[in-house]
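Chemist: Listed below are the residues making up each chain.
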Amino acid sequence: MMLAPVQRIGRVGVFLGRLLLQCGPALLRPRAVVHQVFNAGARSLIIIMLCGLFVGMVLGLQGFDLLQRFGSEDALGVAAALGLLKELGPVVTALLFAGRAGTSLTSEIGLMRATDQLTAMEIMAVDPLRHVVAPRFLGGLIAMPLLVAIFNLVGLFGAQLIGVQLLGVDPGAFWSQMQSAVELDDVVEGIVKSLCFGVACSLIAVFEGYNAEPTAAGVGLATTRTVVISSVLTLLIDYMLTAAFLGR
Amino acid sequence: MSDPVVKVSGLRYGVGRRRIFDGLDLTVARGKVTAVMGPSGTGKTTLLRLITGQLTPLEGEVEVFGQAVPGLPKPALYALRRRMGMLFQNGALLTDLSVFENVAFPVREHARLPEPVLRALVLSKLHAVGLRGAAELMPGELSGGMARRVALARAIVMDPELLIYDEPFVGLDPISMGVIVRLIGELNDALGITSIVVSHDVDELALIAHHSYLLSEGKVVAQGSPAELRDSPLEVVRQFMSGEADGPVPFHYPAPDYLEQLRS
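Residue numbers (the working numbering), protein chains in the order written: chain A, 908 to 1155; chain B, 282 to 545.
Treat the hints with caution; some may be incorrect.
Quick partial rundown of chain B residues pointing at chain A, CB under 8 Å, derived from the structure [unchecked claim]:
#	residue
1	T333
2	Q335
3	T337
4	Y359
5	R362
6	R363
7	M365
8	M367
9	F369
10	A373
11	L375
12	S379
13	P387
14	E390
Here are the simulated distance ranges between beta carbons [stated by the list, open to error]:
#	chain 1	residue 1	chain 2	residue 2	range
15	A	Q914	B	D284	28 to 34 Å
16	A	G917	B	H491	45 to 51 Å
17	B	Q335	A	G1125	17 to 23 Å
18	B	L488	A	A1123	32 to 38 Å
Please keep in mind that the hints were generated in silico from the structure rather than gathered at the bench. Every residue gets a Cβ at the ideal spot worked out from N, C-alpha and C, and that includes glycine.
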């Protein structure tokens, strides 16, 4: 009973090793990878921008409410930027990615398994890991930091919209304090997190799809597992990375 | 007689406690159509998976083109598979590629042909199955019979020496079935391919098979030409060939006594 999760982690590790070996050859076909960046990234843009806007607006409201108690509402730009760059941007984007692109990857690969498309490739002496899985993994990996950057930009716009346009924070203070307080390390932390979440969410999505039981119920279960495992893993990795960056 | 293309001897295979093959022996002669028949659940598709190296037997030997398949390293297994083609029950076309690209897929993967040569090759294979005009359609736009013909064009595009058909007649209307039966026979004769057809459609197999095996309970229970199987005195063969509901293969799945079960 206790062995099953450990076995599964081991299988994910072995799968990642085999997948990484196929990523080099997959990169030699950039068109397939670009197509998957479009699938995972461009098709998630609307939901990412919409959620980024709302998260930024909430940050503007809550940040203003908190900061004005200390008479520091001019620091709203810093609070919003650091909150988005270091935490909310990468984490919320990863959670949305798992729900939008991750489920799509899992069900697509799972259905290819269920309809013998992957087996047909193996019989044609074509490795499905190289042809199907690696481009999708790389596509997700590349798309995640780009989506995080867009989420952050739109989020900042939302925070500015509420703080500056609606609640009257001085625009000069909003942007200049942000410029002087946000450092390169903060940006690097966000980028590192987005890359790690990209690896985790894409890996879980393709692993679950590739190993889905080839039935309708099996593909449905694999899709659910993708969302649940990716979400928990994202928050776990976030904690570990935050602790690591703060401990430096 | 030349060496058999496929030789299976003493094959034992099972999943969990269920034993599927228990000492199966079978050979497939070069240039012939060999039919593998048997009731549902006898492991016909499993046998194909063992022959193509997707599964590993518990015991026994599986040889294809004189090479032992179990334990073959991946590069050698892939090299062996390039000499085979397989038609899946549902066609297994790649749904994100057009008909043309589906047929071109193995060629693009394994050979660097100039585009005009590739186009001519793919169109010739589509012409052979009567679907040259459907080259630009997507798999979702095809009927079941058309999808299987496209899959057949894809299976022969690399000019395989061995063609394996997994239940090629399932779910087809009489016209599509007639087309597939004709194509299997013609491809075998015209291209000199060796064919294995797994099916339980006795009448269709009788038209094209040179030799037939009947599997039951993990073993070959009868073999010979379709006519020989029809004349077999064995009860299990007679039941299968004439489609009787009850016999050595029972109608009822093993169950406790009916009355006792109702009373309990």
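Chemist: If a hint holds in the structure, say so; if it does not, say that too.
Modeler: Evaluated hints:
For T333(B), the interface hint holds, the least distance from its beta-carbon to any beta-carbon of chain A being 6 Å, beneath 8 Å. Annotation: interface hint on Q335(B) holds; nearest CB of chain A at approximately 7 Å, less than 8 Å. Checking T337(B) against chain A: minimum C-beta separation of about 14 Å lies over 8 Å; hint violated. Proximity of Y359(B) to chain A holds as hinted, the smallest CB-CB distance being about 4 Å (cut-off 8 Å).
For R362(B), the suggested interface contact is upheld, since its CB lies about 4 Å from the closest CB of chain A, less than 8 Å. Residue-level restraint check for R363(B) holds (minimum Cβ-Cβ distance to chain A is 5 Å; threshold 8 Å). Because the closest C-beta pair between M365(B) and chain A is about 7 Å apart, less than 8 Å, the hint holds. With a least beta-carbon distance of about 5 Å to chain A, the hint placing M367(B) at the interface is held under the 8 Å criterion.
The restraint placing F369(B) at the interface with chain A holds, with a minimum CB-CB distance near 5 Å, inside the 8 Å limit. Given hint, A373(B) at the interface with chain A, holds; its Cβ is 4 Å from that chain's nearest Cβ, closer than 8 Å. Interface restraint check: L375(B) against chain A, minimum CB-CB distance 6 Å, threshold 8 Å, status holds. Annotation: S379(B) was flagged as interfacial toward chain A, and the flag is violated, the nearest CB pair being 15 Å apart, outside 8 Å.
For P387(B), the interface hint holds, since its Cβ comes within 8 Å of a Cβ in chain A; the closest pair sits about 5 Å apart. With a cut of 8 Å, the hint placing E390(B) at the interface with chain A holds, because the nearest CB-to-CB distance is about 5 Å. Distance hint check: the CB atoms of Q914(A) and D284(B) are about 43 Å apart, inconsistent with the given range 28 to 34 Å. Roughly 48 Å separates the CB atoms of G917(A) and H491(B), a value that falls within the hinted 45 to 51 Å.
One distance hint, 17 to 23 Å for the beta-carbon pair Q335(B) and G1125(A), holds here, with the actual separation near 18 Å. For L488(B) and A1123(A), the hinted distance range of 32 to 38 Å is satisfied, since their beta carbons lie about 36 Å from each other.
This entry does not satisfy hints 3, 12, 15, going by the numbered hints stated previously.
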